[in-house]
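Chains A and B are the protein sequences, given in the same order.
Sequential numbering from 1 applies to the first sequence in my numbering.
Sequential numbering from 1 applies to the second sequence in my numbering.
These are computed hints drawn from the structure, not numbers from a lab.
Think of the CB as a built atom: it goes at the ideal place given N, C-alpha and C, for glycine as much as any other residue.
Just so you know, not all the hints are guaranteed correct.
Claimed, not checked - Partial pick of chain B residues on the chain A-facing surface, computed with a CB cut under 10 Å:
(1) A106
(2) G141
(3) E241
(4) R247
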Amino acid sequence: MFRARSPRSLPAAVLVTGLALAVSACGGGSGDTTAADSGATAAAAQLNPNADLTKQSVTVTVWADYTPKELPEKVKEKLKFDLKVTLHDTNEVAMAKLTSGADTGIDVAFVSGQYAQALNEAGLLEPLHPELIPNLANLYPEAKELAYDKGNVFSVPYTWGTTGICYRSDLVKTPPASWNDILNPPADAEKKVTMMTTERWLALPAVKALGYSVNTRSDEELAKVKEKLLAAKPHLLGYDDTTFGDKLKSGEAVMVEAWDGWCPTTEKNIKFVVPKEGSDLWVDTMVILKSSKNKEAAHALINYILSPEIHGWAAENILYKVPNKAAMDQVDAKLKADNTPLQMTPAQLLQGESIIDLGEDSTKFSRLQTEVKAAK
Amino acid sequence: MTSSTVSGAAAGSRSHRSRVIGRLAFLGPGLTYLIVFLLIPLGMVLSYTLFRRGRFGGVVYEATGENFTRLLEPLYLDVVVGSLKLAGLATLVALLVGYPTAYLIAQLPRKWKTIALVAIVLPFWTNFLVRIYAWIVLLSGPGLVNSTLVKLGLVDKPLELLYNEGTIVTGLVYSYLPLMVLPLYAAIEKLDPQLREASANLGARPARTFVSVTLPLTLPGIVTGCLFVFVPSFGNFVIPELLGGGRSIMVGNLIRDQFLNARDWPFGATLSLALLAVLIVLLLLQAWSSRRA
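With the sequences and hints as input, model every part of the structure.
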């Protein structure tokens with residue numbers, strides 16, 4: 001998912017990057033396809049728990065404003081090594097950085113779950129050494145049950161969330177409860193509904209309304225999905241990944257498909273609901289590159305990020321849920337009360353189905369997107 | 001004697017060589033820039049068209065022609081043709097609005113000319129996105145235009161002014177109109193007024209003068225202006241996204257999507273090649289028309 005630090009009010013400036021890049025989407029973990037059976041996971045390197053970290057330095061690649069600005073200073077102070085933060089706008093850019101072949105110089109990367117899975121399949125990730133990350137104990141038990149990486153073998157979840165309907169409770173008669181409310185809106189929402197524009201999320205409402213898996217590869221099912229999406233198009237205001245929150249605030253739209261962290265529920269009449277047919281589960285993770293020469297320090301960094309102080313920062317500032325019980329418990333009660341999506345429990349989240357990378361079959365969704373959007 | 005001839009020839013070749021070196025020194029920076037930042041990247045993009053998509057983006061170097069067969073599928077051809085139509089319409093409207101504007105400015109007294117030209121360029125000082133976003137504020141359901149119309153009792157409920165192809169054309173015309181007016185102004189300005197007087201003296205009515213004298217002589221300006229508007233319109237993807245509400249896509253959106261979310265660089269490159277081919281044809285037309293003038 002494209003990250004804006006303050007998804008609540010997307011200013012036009014954010015849009016600049018937003019439009020060009022946002023579209024590349026939020027990630028999810030994987031469904032049932034496990035990466036582990038690819039056999040790409042080579043044996044873990046021998047790491048020295050007593051290594052002198054002051055001789056190491058770590059470079060991470062992460063979305064802008066996704067970790068605290070002062071993280072390098074804090075790391076220097078607490079862990080005594082240098083941290084260099086480089087940025088990527090989207091998972092695609094991160095993948096380009098990490099798969100470019102030669103030693104990329106990157107030790108730790110933040111990518112979405114299905115990308116972590118793909119990197120692992122490509123043999124680029126270092127299996128984690130849990131003994132070097134004692135703070136893994138802070139995670140919810142559910143955070144170890146993520147289908148793309150059961151047991152956190154090569155990735156540690158950083159944030160997670162889902163997709164649902166964000167709506168104006170004062171402008172719709174009946175609150176939406178089903179994806180069909182978006183696909184075939186009631187009269188008071190006619191032409192006041194937006195759906196997302198990025199392939200997998202564009203398809204999500206129809207996929208779920210039809211009871212299919214978000215990771216379907218079946219041509220027959222996708223043909224039905226297309227039919228449903230084309231039937232929905234005349235009722236829509238438009239397709240929007242970046243400004244749906246603004247459209248809702250202005251009243252231009254009354255009901256939009258939205259990522260939970262992007263639904264401006266702090267506004268008086270704006271509410272978020274996960275439709276009864278179910279939805280997806282996306283996870284952004286931290287991974288350590290096999291090529292890293294600073295693996296001990298990389299583990300120490302991940303361990304530090306999992307501390308309630310840093311991980312709690314993410315919840316309070318990005319307003320995404322973090323899979324860290326200790327961190328979530330210390331999130332300001334008022335902030336939680338104001339942001340209903342922050343109240344979702346891990347158990348509720350895990351009902352969502354993880355989006356995985358479909359390899360060659362992902363072109364089917366690209367085509368579907370073009371077909372739907374190019375239709376008159 | 002023999003020796004003097006030889007030394008003369010040597011001197012000649014020396015001065016020739018230093019001339020070549022001198023030219024290279026002047027050409028060097030520009031040439032390096034063009035090669036490094038234009039030719040090489042362009043060559044890379046074009047070479048991608050021949051290969052397969054890599055799973056994580058990038059290309060797999062297995063030769064294939066499928067990108068081109070895919071380009072010819074109705075799904076994609078329709079998008080290209082649709083973009084041509086929208087960009088063409090935007091260019092036509094910009095010409096119809098821009099020509100009288102440029103003509104008027106050219107007739108103004110010198111002082112007002114400058115002011116008018118600055119006014120034409122002024123919008124460019126504001127961020128492109130802010131200007132586009134302003135249209136949403138104006139035209140949306142609860143926006144300024146609709147709320148005024150409703151208040152005045154002219155309409156019962158807000159009109160659907162946004163998120164259709166008409167809004168896309170409006171946005172394109174609005175954004176690129178200055179690029180039409182400026183070359184037209186330059187062409188009209190340098191037109192010798194005596195030519196029009198001569199035409200009038202010979203008995204031509206103003207309309208005839210315009211068609212037979214002014215128009216042909218300003219044709220290069222017209223072609224340049226049209227090109228300046230058409231080129232950025234054809235490849236635009238922000239305006240269809242924002243003002244079109246993403247309800248229809250142009251070839252620019254398609255290319256952006258291939259690179260940034262379908263991770264299909266080869267097909268994205270093929271679409272870019274198609275776009276480039278159209279633009280090259282147009283540039284050739286422009287070169288031809290300005291040579292004729």
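The hints, checked one at a time:
no. : hint : in the structure
1   : A106 : 36 Å, violated
2   : G141 : 5 Å, holds
3   : E241 : 6 Å, holds
4   : R247 : 5 Å, holds
The structure shown violates just one earlier hint, number 1.
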